[in-house]
Each structure stands twice: as C-alpha cells, then as structure tokens.
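Chemist: Residue strings, one per chain:
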Amino acid sequence: MSLTNYVRVVERTSIPSSAVLLFGMPDVGLVGVIAASHMISELKLEEVAYIDTDLLPPMIVLHKGTPHMPLRIFGNKELLLAVSEVALPANAIHRIMRSLVEWGEQKNVNIVVSIGGIPTPNRQEINEPKVFAIASNPQLVQWLEGKIEWQGRKLDKPFEILREGYMVGPYALVLQYCMQRNIPAVGLLAQAFYNYPDPHAAAMVLKELSRVVAVEIDVSQLIEKGEEIRLKARDIMKRTERELSKMRKAQEYDIPLYV
Amino acid sequence: MTFERRRRSIFELISEYMRAIEEEIEERLREFFVDHPSWNPRTCTLEPLCNVFITPDEVVITADLPYAEKDTIEVKPLNNNLFEIKAKLKRKICFEDLGITHQEGEFSTFYCQVRVPVAVEKEERKISFKNGILEVRLPRKKKHEIKIE
Numbered sequence: 025m026s027l028t029n030y031v032r033v034v035e036r037t038s039i040p041s042s043a044v045l046l047f048g049m050p051d052v053g054l055v056g057v058i059a060a061s062h063m064i065s066e067l068k069l070e071e072v073a074y075i076d077t078d079l080l081p082p083m084i085v086l087h088k089g090t091p092h093m094p095l096r097i098f099g100n101k102e103l104l105l106a107v108s109e110v111a112l113p114a115n116a117i118h119r120i121m122r123s124l125v126e127w128g129e130q131k132n133v134n135i136v137v138s139i140g141g142i143p144t145p146n147r148q149e150i151n152e153p154k155v156f157a158i159a160s161n162p163q164l165v166q167w168l169e170g171k172i173e174w175q176g177r178k179l180d181k182p183f184e185i186l187r188e189g190y191m192v193g194p195y196a197l198v199l200q201y202c203m204q205r206n207i208p209a210v211g212l213l214a215q216a217f218y219n220y221p222d223p224h225a226a227a228m229v230l231k232e233l234s235r236v237v238a239v240e241i242d243v244s245q246l247i248e249k250g251e252e253i254r255l256k257a258r259d260i261m262k263r264t265e266r267e268l269s270k271m272r273k274a275q276e277y278d279i280p281l282y283v
Numbered sequence: 664m665t666f667e668r669r670r671r672s673i674f675e676l677i678s679e680y681m682r683a684i685e686e687e688i689e690e691r692l693r694e695f696f697v698d699h700p701s702w703n704p705r706t707c708t709l710e711p712l713c714n715v716f717i718t719p720d721e722v723v724i725t726a727d728l729p730y731a732e733k734d735t736i737e738v739k740p741l742n743n744n745l746f747e748i749k750a751k752l753k754r755k756i757c758f759e760d761l762g763i764t765h766q767e768g769e770f771s772t773f774y775c776q777v778r779v780p781v782a783v784e785k786e787e788r789k790i791s792f793k794n795g796i797l798e799v800r801l802p803r804k805k806k807h808e809i810k811i812e
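Protein chains in written order, with our numbering: chain A, 25 to 283; chain B, 664 to 812.
Check each hint, because a few of them may be wrong.
To be verified - Computed footprint of chain A on chain B, listed as stretches where at least three residues anywhere in the stretch have a Cβ under 8 angstroms from a Cβ of chain A:
1) 710 to 716
2) 724 to 730
3) 736 to 743
4) 784 to 797
Claimed, not checked - Each computed DSBU-like pair below joins lysine-lysine, with the alpha-carbon atoms no more than 30 angstroms apart:
5) B:Lys785 <-> A:Lys154
6) B:Lys753 <-> A:Lys249
7) B:Lys753 <-> B:Lys739
8) A:Lys262 <-> B:Lys810
9) A:Lys178 <-> B:Lys733
10) A:Lys256 <-> B:Lys804
11) A:Lys262 <-> B:Lys749
12) A:Lys88 <-> A:Lys101
13) B:Lys733 <-> A:Lys154
14) A:Lys249 <-> B:Lys793
15) A:Lys256 <-> B:Lys793
16) A:Lys270 <-> A:Lys256
17) B:Lys733 <-> A:Lys270
18) A:Lys262 <-> B:Lys793
19) A:Lys256 <-> B:Lys755
20) A:Lys154 <-> B:Lys755
21) A:Lys249 <-> B:Lys785
22) A:Lys249 <-> B:Lys755
23) B:Lys804 <-> B:Lys789
24) A:Lys171 <-> B:Lys753
25) A:Lys256 <-> B:Lys753
26) B:Lys733 <-> A:Lys262
27) B:Lys749 <-> A:Lys249
28) B:Lys753 <-> A:Lys88
29) A:Lys88 <-> A:Lys154
30) A:Lys256 <-> B:Lys751
31) A:Lys256 <-> B:Lys789
32) B:Lys733 <-> B:Lys785
33) B:Lys785 <-> A:Lys181
These are computed hints drawn from the structure, not numbers from a lab. Here the structure is a predicted model, which means the values were calculated and not measured. Note that beta-carbon positions come from the ideal geometry of N, C-alpha and C, so glycine has one too.
Bound conformation, chain B alone:
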C-alpha cells in the first residue's frame, strides 16, 4: 500500500494555522462574552451588565445592579488588572420571577469579574452607588512623564 504525499508550501501551512487560530479566538469570544448564560444556579449568581471607560487620568468601571443591597457591595482587586464585583440582592430571585418556568434555581448575588486594560492604582479606588448603578473610579498609574523644556 502506498501513500501519495503532497508537500504543502510553508504559506499554505501558515495560512491554515492562522485560520485555525482565528476560528478558535472567535469561538472563545462567543463563548465567554456573549453566548454564555447571564445566570449560574450552582453559585446562585446573576451576572450584571458592566462597562469600563478609560480616560487619560482614570478608569471608570460601572455596573447595573438592580435589587442590590448597598451595604453588601464588594469591589476587590484579584490582581493588578482584574477586579471582582459582588453584591447581595435585596431578595432572592427565582427563574419564575424572570418569567421562566422550565429552569430551576434561585439567585441571591450579583457576581462578575472585570478586566482593566491599563495600569491602575488599585488601592486608591473610589466607589459610589447611585440609582442602582455602581461606579468604581481607579486613578491610572503614571509611570513616565515627559517634561517639555
């Protein structure tokens, strides 16, 4: 039995490799950012909507936390650019409250992790909660300042 092997050019191999990477990235993005449920009955958590704004001086993280109990809100840095947001709900929410009857489970906490893409002074964070919106202000690290002569 003989096999005919066609030698593929380096360009074909690179192109195939790049396509595979692109597909993988697309799949992962879809999985993690869009196509995963916004709820987790195992941990009894709901994922809030979040936003990250970057200005020249600071990074502002906001999260929409309806039903959140103000005194239970926690914003914790997990490392230099990852923050964890947690808040207990004023009351437990079950699927039926959301109009869903074919799932089981109830939720007591909002939980999400937010990545900040620039260096920040994580210990100098200022936190406020108004009209159900959490706002975390983080000053940006100023490493290099170029003086104008």
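Just chain A, with the same shape it has in the complex:
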C-alpha cells in the first residue's frame, strides 16, 4: 500500500454476499445524502465498514462523543449503503468511487443503486418531483421500462428513463465503473434544486426505490422534518456546491450532440 493517495474499505463486521449496494453521495440538492440518512434511521442500519483515505480533508465526524469516518458503509443482511457526510473533493472523486465499486464487486453485490437528484431549474414550481431512472446496460433499461423480466421480476409500472444527456459527478462514475465491470447498476434521480437541500426530492426517490429493491421505507417523517433538514444541511450543501462546480456539474443542463 502506498503511503499517499490510498483508499481502503475497512470492514467492521462480516459483509453479506449478493447484497444490494446503494450510494447516497453528496450531489445536487443533497438528495442522496438526505435519503440515505433517513434510510439508516428508519431501517436501523448498522455501520459495517468505513473508508480510510488520505484523499479527504483531515477530519473525523463526532457522533455521541465518539469519532467516525465521514465516508461510511451501513447495512443489514440484504442492503449495503455507502454514504458521505462531507462534500467529496472533485479531485478525489474518481479514486474514491472506483474503490467503492471495486469493493462492491469483491463482495459480489447483486445490483448497485445510486439515489440522487437531477438539477431542475424550475424546481420551485414543481410540487411532486418526478423520478427518472438510468441503468448500466440495455437489458436493465428494458426492465426499468417494464418490458422484460430481470432476475425473475417484472415491474408493474415503468420508470421514466433519462434517455439523452450528460451526467456529471459521483453517480456518473458509479455507472461508468459498473458498466466496465458488468455489475448491474441503476440510478434513481429525482427532480431537485441544484444547490438547496431537497428533502421532498429525497422522499420521492425513496418511494420509487421500493420498486427496484425489496425495501419499504416510510417517508412521512422525512417530509415532516423537511424544514429542519434544510436548515441543518446548509453548510454541507454550500461545500458540495463548490465541489460540483469544480466538476463542471452545470454540463448536465447541456444538450448533447450525437454524431
């Protein structure tokens, strides 16, 4: 192991094989982080691993008086959920996301699901944010469209697929690395504010998540606590926005040209 620029996943308990690996990373509207945080408390997920790396700022997070790594993996017998409590530095994101996907591959995960937001300029006018889906291969796209069965399951209602466009940030890399390694990967992205914490978008993503993986999450508390979450999340949102702008996140608004 090199002494600089290392990323290692340190397991604290035994990790189940063939689990679902979810990502709740800081991105637009902090949708993934808010949704992940709610999942952890609702499903009472335990910390199963943490990420030891010198690519993050030199910090720990204190909870109940004890130190924790800012990038951790929570889980139970069926689920693994990677979540970050700090904005991921733009220049470290490739190595961190690659290491996490590689770890998931070693653990033989069944499917990778990224939960997040898609920046929507008129978000303020939208009362019920729509959730779009993306997938790492054409077969999964067809499954999300409700056209075929995948692993013996067929969806009752199709997802709206994000068909054309650019993706920038941690979930773009998750999709890329999963595609390269033939790991089935899906992304669920709700219409969200670009740089305001969006608990409502997080609730919509969690509602849709239950259709992809066998998990039911009550989101009533999340909606009820919306204002409190928005107040608490201001600082991490500000720092996340700064990193997103370094990643040229605004390219997601661009119209692509296919030749």
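We have chain A already, so just place chain B on it with the hints.
Modeler: The following block gives chain B in isolation, referenced to the frame of chain A:
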C-alpha cells in the same frame, strides 16, 4: 558590517507581487465565501443559502428560507447592486436544535447580503415566497439599445 544586496529584476518583483496578490485574493475568498460560519450568535442570525441567476432581461435572486415567517421577509436595496435579505424565523432556533452542544446561542433571523453583478431597476423588484423559497425578480437596466436598420 557589510550587506550584500542582490539587485532583483523587475520581472522577479512583478512576479512576487502578483503571487502575493493571488494568495491574498484566495485567502479572502476562502474567508468570506466558504470558511466563515453560517451563523452569528452576536446578531442572532443565520445565513441562508442564496443564488443569483442572470438572464438577458432580469436578475433573479433566490434564497432558501426554512422556518421563515412570510410576513417578516424584507428585501432592501443597500445601494445599486447590493441587496439585503432579512426574515424572522417562526421560532427561535438554538444550537441544540441543530445537534450542537458545545456552542451557545440562539437564532431568530435569517440575514444575508447579495451582490448583483449587473445594473438593475432596483425599485421594480417583484418578490414571491413559495414552499420556503424566496424569489426576487429585478428587471435589468437597458442603457443602450442598438437598432437594426
């Protein structure tokens, strides 16, 4: 006692000067835009998240104001390109409400100043507040219109 003085070239001096300015700007930016707390117990204020969008016709300022009391929201121009946003919270928020127990203080107001980088008609501002988001629309000043013959 003798001092040996090496005469530095004008380019070295300029380069050193520029480096010092760059460092100063970077430090100031970090201090004012990122690395300052989003709260001030002395003034009992919290700083909201804000955005400024510029379109060809108008400037749109938005601010995320959770817990804000709609009737107390004030948007005041301080000069031609600086606006002050103030709003009282529905209830006082203390550090403990935010999960922090090692700081003391409580907050009753959102406060921030927003700079608008282009000329606007500050008296023609339109203000709305929906789902906790404040929106201020300012028409841009149209000084020069070039007519196409």
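Chemist: Quick check: which numbered hints come out false for this structure?
Modeler: 3, 5, 8, 9, 10, 17, 20, 21, 24, 29, 33
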